[in-house]
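A.B. asks: Following the hints, put chain E in place on chain B, whose structure we already have.
Protein chains: 2
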Amino acid sequence: MSASPAPLRIVIVGGVAAGASAAARARRLDESAAITLIERGPDVSFANCGLPYFIGGEIGDRAALAVQTPASLKQLLNLDVRTSTAVTAIDRAARQVTLQHVTDGATETLAYDKLILAPGAQPLRPPLPGIDDARLFSLRNLGDMDRIKAATTAAAHVTVIGAGFIGLEMAEQFRHAGKDVTLVELQPHVLPLLDPAMTRLMEDELRRHDIELVLGDGIASFADAADGRLACQLASGRTVTTDFAVLALGVRPDTALAAAAGLELGPRGHIKVDTFMRTSDPAIYAAGDAIEVEDFVSGDPCAVPLGGPANRQGRLAADHILRPVEAKPFAGVLGTAIVRVFDVSAGLTGWTEQRLQRAGRDYRAVTVNDNHHAAYYPGAKPLQLKLLWEPVNGRILGAQVTGLAGVDKRLDVLATAIMGGLTIDDLAQLELAYAPPFGSAKDIVNLAGFTAVNTRDGLVTPVDHIPDDPAIQVVDVRPPPLVAAHPLPRADAINIPFGQLRSRAGELDTTRLVVTVCALGKTSYFAARVLAQKGFDVRSLTGGIRAHFDPRTPAKPPAP
Amino acid sequence: MSASPAPLRIVIVGGVAAGASAAARARRLDESAAITLIERGPDVSFANCGLPYFIGGEIGDRAALAVQTPASLKQLLNLDVRTSTAVTAIDRAARQVTLQHVTDGATETLAYDKLILAPGAQPLRPPLPGIDDARLFSLRNLGDMDRIKAATTAAAHVTVIGAGFIGLEMAEQFRHAGKDVTLVELQPHVLPLLDPAMTRLMEDELRRHDIELVLGDGIASFADAADGRLACQLASGRTVTTDFAVLALGVRPDTALAAAAGLELGPRGHIKVDTFMRTSDPAIYAAGDAIEVEDFVSGDPCAVPLGGPANRQGRLAADHILRPVEAKPFAGVLGTAIVRVFDVSAGLTGWTEQRLQRAGRDYRAVTVNDNHHAAYYPGAKPLQLKLLWEPVNGRILGAQVTGLAGVDKRLDVLATAIMGGLTIDDLAQLELAYAPPFGSAKDIVNLAGFTAVNTRDGLVTPVDHIPDDPAIQVVDVRPPPLVAAHPLPRADAINIPFGQLRSRAGELDTTRLVVTVCALGKTSYFAARVLAQKGFDVRSLTGGIRAHFDPRTPAKPPAP
Numbered sequence: 001m002s003a004s005p006a007p008l009r010i011v012i013v014g015g016v017a018a019g020a021s022a023a024a025r026a027r028r029l030d031e032s033a034a035i036t037l038i039e040r041g042p043d044v045s046f047a048n049c050g051l052p053y054f055i056g057g058e059i060g061d062r063a064a065l066a067v068q069t070p071a072s073l074k075q076l077l078n079l080d081v082r083t084s085t086a087v088t089a090i091d092r093a094a095r096q097v098t099l100q101h102v103t104d105g106a107t108e109t110l111a112y113d114k115l116i117l118a119p120g121a122q123p124l125r126p127p128l129p130g131i132d133d134a135r136l137f138s139l140r141n142l143g144d145m146d147r148i149k150a151a152t153t154a155a156a157h158v159t160v161i162g163a164g165f166i167g168l169e170m171a172e173q174f175r176h177a178g179k180d181v182t183l184v185e186l187q188p189h190v191l192p193l194l195d196p197a198m199t200r201l202m203e204d205e206l207r208r209h210d211i212e213l214v215l216g217d218g219i220a221s222f223a224d225a226a227d228g229r230l231a232c233q234l235a236s237g238r239t240v241t242t243d244f245a246v247l248a249l250g251v252r253p254d255t256a257l258a259a260a261a262g263l264e265l266g267p268r269g270h271i272k273v274d275t276f277m278r279t280s281d282p283a284i285y286a287a288g289d290a291i292e293v294e295d296f297v298s299g300d301p302c303a304v305p306l307g308g309p310a311n312r313q314g315r316l317a318a319d320h321i322l323r324p325v326e327a328k329p330f331a332g333v334l335g336t337a338i339v340r341v342f343d344v345s346a347g348l349t350g351w352t353e354q355r356l357q358r359a360g361r362d363y364r365a366v367t368v369n370d371n372h373h374a375a376y377y378p379g380a381k382p383l384q385l386k387l388l389w390e391p392v393n394g395r396i397l398g399a400q401v402t403g404l405a406g407v408d409k410r411l412d413v414l415a416t417a418i419m420g421g422l423t424i425d426d427l428a429q430l431e432l433a434y435a436p437p438f439g440s441a442k443d444i445v446n447l448a449g450f451t452a453v454n455t456r457d458g459l460v461t462p463v464d465h466i467p468d469d470p471a472i473q474v475v476d477v478r479p480p481p482l483v484a485a486h487p488l489p490r491a492d493a494i495n496i497p498f499g500q501l502r503s504r505a506g507e508l509d510t511t512r513l514v515v516t517v518c519a520l521g522k523t524s525y526f527a528a529r530v531l532a533q534k535g536f537d538v539r540s541l542t543g544g545i546r547a548h549f550d551p552r553t554p555a556k557p558p559a560p
Numbered sequence: 001m002s003a004s005p006a007p008l009r010i011v012i013v014g015g016v017a018a019g020a021s022a023a024a025r026a027r028r029l030d031e032s033a034a035i036t037l038i039e040r041g042p043d044v045s046f047a048n049c050g051l052p053y054f055i056g057g058e059i060g061d062r063a064a065l066a067v068q069t070p071a072s073l074k075q076l077l078n079l080d081v082r083t084s085t086a087v088t089a090i091d092r093a094a095r096q097v098t099l100q101h102v103t104d105g106a107t108e109t110l111a112y113d114k115l116i117l118a119p120g121a122q123p124l125r126p127p128l129p130g131i132d133d134a135r136l137f138s139l140r141n142l143g144d145m146d147r148i149k150a151a152t153t154a155a156a157h158v159t160v161i162g163a164g165f166i167g168l169e170m171a172e173q174f175r176h177a178g179k180d181v182t183l184v185e186l187q188p189h190v191l192p193l194l195d196p197a198m199t200r201l202m203e204d205e206l207r208r209h210d211i212e213l214v215l216g217d218g219i220a221s222f223a224d225a226a227d228g229r230l231a232c233q234l235a236s237g238r239t240v241t242t243d244f245a246v247l248a249l250g251v252r253p254d255t256a257l258a259a260a261a262g263l264e265l266g267p268r269g270h271i272k273v274d275t276f277m278r279t280s281d282p283a284i285y286a287a288g289d290a291i292e293v294e295d296f297v298s299g300d301p302c303a304v305p306l307g308g309p310a311n312r313q314g315r316l317a318a319d320h321i322l323r324p325v326e327a328k329p330f331a332g333v334l335g336t337a338i339v340r341v342f343d344v345s346a347g348l349t350g351w352t353e354q355r356l357q358r359a360g361r362d363y364r365a366v367t368v369n370d371n372h373h374a375a376y377y378p379g380a381k382p383l384q385l386k387l388l389w390e391p392v393n394g395r396i397l398g399a400q401v402t403g404l405a406g407v408d409k410r411l412d413v414l415a416t417a418i419m420g421g422l423t424i425d426d427l428a429q430l431e432l433a434y435a436p437p438f439g440s441a442k443d444i445v446n447l448a449g450f451t452a453v454n455t456r457d458g459l460v461t462p463v464d465h466i467p468d469d470p471a472i473q474v475v476d477v478r479p480p481p482l483v484a485a486h487p488l489p490r491a492d493a494i495n496i497p498f499g500q501l502r503s504r505a506g507e508l509d510t511t512r513l514v515v516t517v518c519a520l521g522k523t524s525y526f527a528a529r530v531l532a533q534k535g536f537d538v539r540s541l542t543g544g545i546r547a548h549f550d551p552r553t554p555a556k557p558p559a560p
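Residue numbers (the UniProt record's numbering), protein chains in the order written: chain B, 1 to 560; chain E, 1 to 560.
Excised from the complex, chain B in its bound form (with noise of 0.2 Å):
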């Protein structure tokens, strides 16, 4: 036999999500490779998505979430794991990086011939007054979640700003852990990823907790309140006085290493890759939270920092070192994601339409309402899902799921139909698995189908609000009694409870436009199509009025 050929060295920066699953996947393709994996801070491949769950209590075992050592990646993976040391400078022509170590400073050089680079993204903290102040905390490792840990148990009320989907997790974590809860977002309503009606079970969920919100205001500056607490100015001018704040504005990429060693850079400083992960530097690939990726929808440059799509492009950078002809391209992102607000969950996948009107593009939506498994079956929960499509070719764009149970299901049957490339003619088809306890006949997804089927064709013409024109007859078809308990806005809606429409029909002006209103948009559908086809120019409220108000609360108002 020859001699073997010298061990490839591939050298890995950042051990969490992208960084650990390359180096996994390198080891179980060439045992041989020297494979080094180096992390800034103390902890490697920890659970950096369960971190508010600890803070919270509902994960009572901090060891659950540090997934693997050092000692376990070199018995496991026979990785040479360097931890609490940073990567300070990368040679691209010696193709060697420059390592430091945290505690002692002292530093060395390192070779390699395939060099990854999982930075990761890091909590933004903007230039405000006082943002200094050390009771202000971001998220972002274990250190982090030991700091907020022992805050929390100290403190009476905590301030979150930013109610996107980590700064949802962790006001409910604190409201968990017994603390009063405010949550500040910018924009006027919670999960600002969302369409705006789409949120709103989720805020009526958080006013239950006793949570209190504070929308369409955002943080100004930060300063000692006369109590010796911290005090969150913000720039509606409200302070809110607070034992301390956790910042939940977003990440921005760790790429000032990736800059110094003049890589090719989005406009928001990510790092460019190609399919396969590839920097503009052919030995340098990047994965995770620091790259830019291509949007499954629009073919755009994109940046998604998700723990999935972070695995799966860790792992196809080590793939690509070591099996390019095999190796597949990374298919775009949708950008999935999912929260649960104690009893509520909502979520998205693909675009939605805020998105698609500020991108200019061309699109129809509809709303749903159904139960999460047959109404018959004891336990149905409510669930809404918006569904957005191309009206060119009916493909999906988009959508977003909320309610109290089986969220998670649609959204993944949506992202999975959406990267299928499928219709809105598919939905209507799709055979999903039906018993009582689980779904019904015809689930919710395949009720988007057929309605979004219906509106292409003609058969109903959604609106997404009752325009505020008194020429338009705004017909309630709800049971008197629904109406009581919820009035519509409007004093000169003309109930007709939809049993008794069609012999009613004749109260109503044909010369008028007829907007039809239920509950969930399912009967007012009905009566479009009755009052279509007796010669009414008629629109239908998608969605009804569910969005409006807690299902479960029906008769009372949103909580002060």
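The reader is advised that the hints may include incorrect statements.
Identical copies carry no separate label here, and so any pair may be met within one copy or between two of them.
[As the list claims (entries may be wrong)] The calculated PhoX-like cross-link candidates involving lysine-lysine, where the alpha carbons are at most 25 Å apart (straight line), are:
1) Lys522 / Lys328
2) Lys328 / Lys74
3) Lys522 / Lys74
4) Lys74 / Lys534
5) Lys272 / Lys74
6) Lys522 / Lys179
7) Lys522 / Lys381
8) Lys381 / Lys534
9) Lys149 / Lys381
10) Lys522 / Lys272
11) Lys179 / Lys74
12) Lys522 / Lys534
13) Lys149 / Lys522
No lab work stands behind these hints: they were computed from the structure.
C.D. replies: Same frame as chain B, now just chain E:
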């Protein structure tokens, strides 16, 4: 204006899933049509999938199952509903049907422009001695349900014959009602549609709940027992003495009327239809359990008596009658089905391995295990997934899932993937909704994709059992405590925990085939990669030994 055309006369035979859906869709599309819905039984549009749950008491309100009444269908859909009315003949030339009132025997004729047949299917009652015993029940409608519920109240012991989906639901519900239950199945495993290894968890669950399982034994005859109860005599010679028995042996299409009218039928008596649900007579459509449709995977004719397809087929028949240009052809059926028995769920979509083998089709299979959500988040439950794909193009042919949570979600994702023509490479890239309460950064569906791709690309060669050949080296890479709790049936298995494999590989004979084994099939893959790169010819036991033990009772044998 010209005079209105004569209203279209649509007659629908059968008023449950397909028939009721057809009527509703027809009315939305045509306010003026004369729609008559004829049902032999006393009830229309009832929730037939809910019947077992009323018998067992999980659904307490009988009225919840009667979704609609003739009066409500008149009010909501302006339907002419005729219950307790049989259609005894179709005069295709004259386009009229003969009706006979079940109560008084009176007959009349009714003309149609379009006829939709949705007669459903009858429970199989094989011509065995004693088959007409009054203590033998089948479950098709509310009347059957009421009779079984009354019998249940008086019974101490109930026997269910047939362990398919309905049989399992019935067995569970009788146990839920506090009865002793024996479940008899001709095949050697429950859920005969599934591959054997995928039903083991379900069998353990039945035994955990003290349901007596009699597998691999068929019913031969029924007689009076010595104590006056019912004696179910089995093919093995064994007798099960019981208070009453329910036959859950499957169904046959209720197509005597269609046959008498000369409509073309399939080999097992199902009505043949085209992709728009048209029978061999273009004025007659058919939908639901009585028809033969295209199998989505093979394109061959098949019959799948399930509620979801029935509803969509009925809707499509009406669509094609009233808007033949816009109606989209039926995509075919996947046979997606699921059942929950106490805490365990199991189901399938597309084809199984045993079906592929019977058809002589080429396929590959892997089985993977994982938790239904992140392991570090409390409440993670085990999940097992078997994936089958087509070697030539990587397309997914079918999947089976069983576990304690999240089974329905994965089946739905995989059903959507099959309908979208996705490949194993696509599964590896699916971007599913991830937050710790809902899933993992790499979901079990991704894991199945990874494993299939690794198999396709030759990185691992799976075996689905340990070959019975003493020349093979079985290497058990589990930690010693797990080995002690569940030793392999092979006494000569070599236990080398994975962490020691690199240093102890020298203990193995490079000239003999190695099969690596672990609990879940993941570490055995890691081990196979290590050994393959050290020059061994190696196979990995796909799915590990999980299929052989209930994961919740690791150290206990199955109940006797």
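A.B. asks: Each hint should be assessed against the structure and marked as holding or not.
C.D. replies: The hints, checked one at a time:
1. Lys522 / Lys328: Intra 43 Å, inter 22 Å, cutoff 25 Å: inter-copy only.
2. Lys328 / Lys74: neither (29 Å within a copy, 57 Å between copies)
3. Lys522 / Lys74: Between. Shortest inter-copy distance 18 Å satisfies the 25 Å Cα cut-off; intra-copy 59 Å does not.
4. Lys74 / Lys534: So Lys74 and Lys534 pass the 25 Å test across copies only (18 Å; inside, 76 Å).
5. Lys272 / Lys74: Neither: 31 Å inside a chain and 63 Å across chains, both beyond 25 Å.
6. Lys522 / Lys179: neither (41 Å within a copy, 42 Å between copies)
7. Lys522 / Lys381: within (17 Å within a copy, 36 Å between copies)
8. Lys381 / Lys534: neither (36 Å within a copy, 55 Å between copies)
9. Lys149 / Lys381: neither (34 Å within a copy, 27 Å between copies)
10. Lys522 / Lys272: Answer is neither: 46 Å inside a copy and 33 Å across each miss the 25 Å cutoff.
11. Lys179 / Lys74: Answer is neither: 41 Å inside a copy and 55 Å across each miss the 25 Å cutoff.
12. Lys522 / Lys534: within (19 Å within a copy, 64 Å between copies)
13. Lys149 / Lys522: For Lys149 and Lys522, the Cα distance exceeds 25 Å both inside one copy (47 Å) and across copies (35 Å).
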